[in-house]
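In the numbering used here, each residue carries its 1-based index in the sequence shown increased by 11.
Derived by calculation from the structure, the hints in this document are not laboratory data.
One or more of the hints may lead you astray.
Simulated pairs of lysine-lysine, DSSO-like, Cα-Cα distance not exceeding 30 Å [unchecked claim]:
1. Lys-93 <-> Lys-60
2. Lys-97 <-> Lys-61
3. Lys-143 <-> Lys-183
4. Lys-63 <-> Lys-80
5. Lys-97 <-> Lys-110
6. Lys-110 <-> Lys-93
7. Lys-63 <-> Lys-97
8. Lys-97 <-> Lys-132
9. Lys-187 <-> Lys-143
10. Lys-143 <-> Lys-132
11. Lys-93 <-> Lys-143
12. Lys-97 <-> Lys-143
13. Lys-93 <-> Lys-63
14. Lys-110 <-> Lys-63
15. Lys-80 <-> Lys-93
16. Lys-80 <-> Lys-60
17. Lys-110 <-> Lys-80
18. Lys-183 <-> Lys-132
19. Lys-61 <-> Lys-110
20. Lys-187 <-> Lys-174
21. Lys-174 <-> Lys-132
22. Lys-97 <-> Lys-80
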Amino acid sequence: MAVVVKEDAGVLQSPGHPDLGASPPATTSASTSRVLQASGERSARAPLKKRKRLSAFDVSQMVVQRNIKTRTELLALAEMQKREGKTDLAEFVVNRGQKCVAEAIEARGNYTTPRVSWSRKETRPEILDSFKGQPCVPGCNGLWSNIAEDILRRNDIPAGTFKRAVVDVLEKGRGKYRKFL
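Work out the full structure, taking the sequences as your base and the hints as a guide.
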């Protein structure tokens with residue numbers, strides 16, 4: 012580190028002032044570390060490496076792999092791993108609340124059982140078509156049909172156009188230029 016100092020022949024110093032010519036320049040630790048890092052030497056403070064903690068997702072994956080069903084089984088697994096030197100799971104169980112651990116165990120059911128509700132057996136037009144020709148609900152007496160025809164007539168919408176629009180929306184879903192209502 013090169014220091015440039017101006018020399019002045021007529022320097023006046025107050026009594027008791029320290030001799031600045033003999034001592035190195037005073038610097039802060041922040042500026043010293045910046046200079047050392049820029050020069051490529053060593054850093055003033057080495058960055059600390061944080062250990063990655065287990066997330067609830069990681070624990071739920073572990074629960075699924077090992078088919079763990081209760082908190083006691085999870086605690087037994089944490090104890091076995093602790094004996095081997097792995098403390099991550101034990102720290103998770105201790106540091107997180109009971110609710111978080113219970114949710115990680117509950118998530119096992121979500122991964123293992125497929126959801127039937129995600130896929131429909133029939134498409135929307137097929138469901139609508141299955142009600143075609145069936146009688147109205149009790150108390151209706153076909154009144155809804157008269158009201159629907161009256162609304163279409165008042166708005167100058169042909170019944171065929173309305174039917175095609177409904178079928179299009181049910182088949183393709185809503186989107187640009189396919190707004191139903």
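How the hints compare with the structure:
As the CA atoms of Lys-93 and Lys-60 are separated by approximately 21 Å, the hinted pair is consistent with the 30 Å bound. Between Lys-97 and Lys-61 the alpha-carbon distance is near 16 Å, which keeps this suggested pair within the 30 Å criterion. Restraint check: the Cα-Cα separation between Lys-143 and Lys-183 comes to about 21 Å, which is no more than 30 Å; the hinted pair holds. Pair hint Lys-63 plus Lys-80 holds up; C-alpha atoms about 25 Å apart against a cutoff of 30 Å.
Only pairs whose Cα atoms come within 30 Å are accepted, and Lys-97 paired with Lys-110 is accepted, the gap being roughly 23 Å. Annotation: proposed proximity of Lys-110 to Lys-93 holds, straight-line Cα distance about 22 Å (limit 30 Å). A C-alpha spacing of about 12 Å is found between Lys-63 and Lys-97, which places the hinted pair at or below 30 Å, so the restraint holds. A hinted pair counts as satisfied when its Cα atoms are at most 30 Å apart, and Lys-97 with Lys-132 does not qualify at roughly 47 Å.
Of the pairs offered as hints, the one joining Lys-187 and Lys-143 holds, with about 29 Å between alpha carbons and a cut-off of 30 Å not exceeded. In summary, the hint linking Lys-143 to Lys-132 is supported, as the alpha carbons are separated by about 18 Å, within the 30 Å threshold. Distance hint between Lys-93 and Lys-143 is unfulfilled; the C-alpha atoms sit about 65 Å from each other, more than 30 Å. Of the pairs offered as hints, the one joining Lys-97 and Lys-143 is violated, with about 64 Å between alpha carbons and a cut-off of 30 Å exceeded.
Simply put, Lys-93 and Lys-63 have alpha-carbon atoms about 16 Å apart, close enough for the 30 Å limit, and the pair holds. Between the alpha carbons of Lys-110 and Lys-63 the distance comes to roughly 21 Å, so the proposed pair stays at or under 30 Å and holds. Between Lys-80 and Lys-93 the alpha-carbon distance is near 20 Å, which keeps this suggested pair within the 30 Å criterion. For the given pair, Lys-80 sits about 34 Å from Lys-60 by alpha-carbon distance, which is inconsistent with the 30 Å threshold.
Between the alpha carbons of Lys-110 and Lys-80 the distance comes to roughly 15 Å, so the proposed pair stays at or under 30 Å and holds. At roughly 17 Å between alpha-carbon atoms, Lys-183 and Lys-132 fall within 30 Å of each other, so this suggested pair holds. For a cut-off of 30 Å, the pair hint linking Lys-61 to Lys-110 stands: about 26 Å separates their Cα positions. This hinted pair checks out: Lys-187 and Lys-174 have alpha carbons roughly 19 Å apart, not beyond 30 Å.
Annotation: proposed proximity of Lys-174 to Lys-132 holds, straight-line Cα distance about 23 Å (limit 30 Å). Straight-line distance between C-alpha atoms of Lys-97 and Lys-80 comes to about 21 Å, which keeps the hinted pair within the 30 Å bound.
In the structure shown, a violation is registered for the earlier hints numbered 8, 11, 12 and 16, in ascending order.
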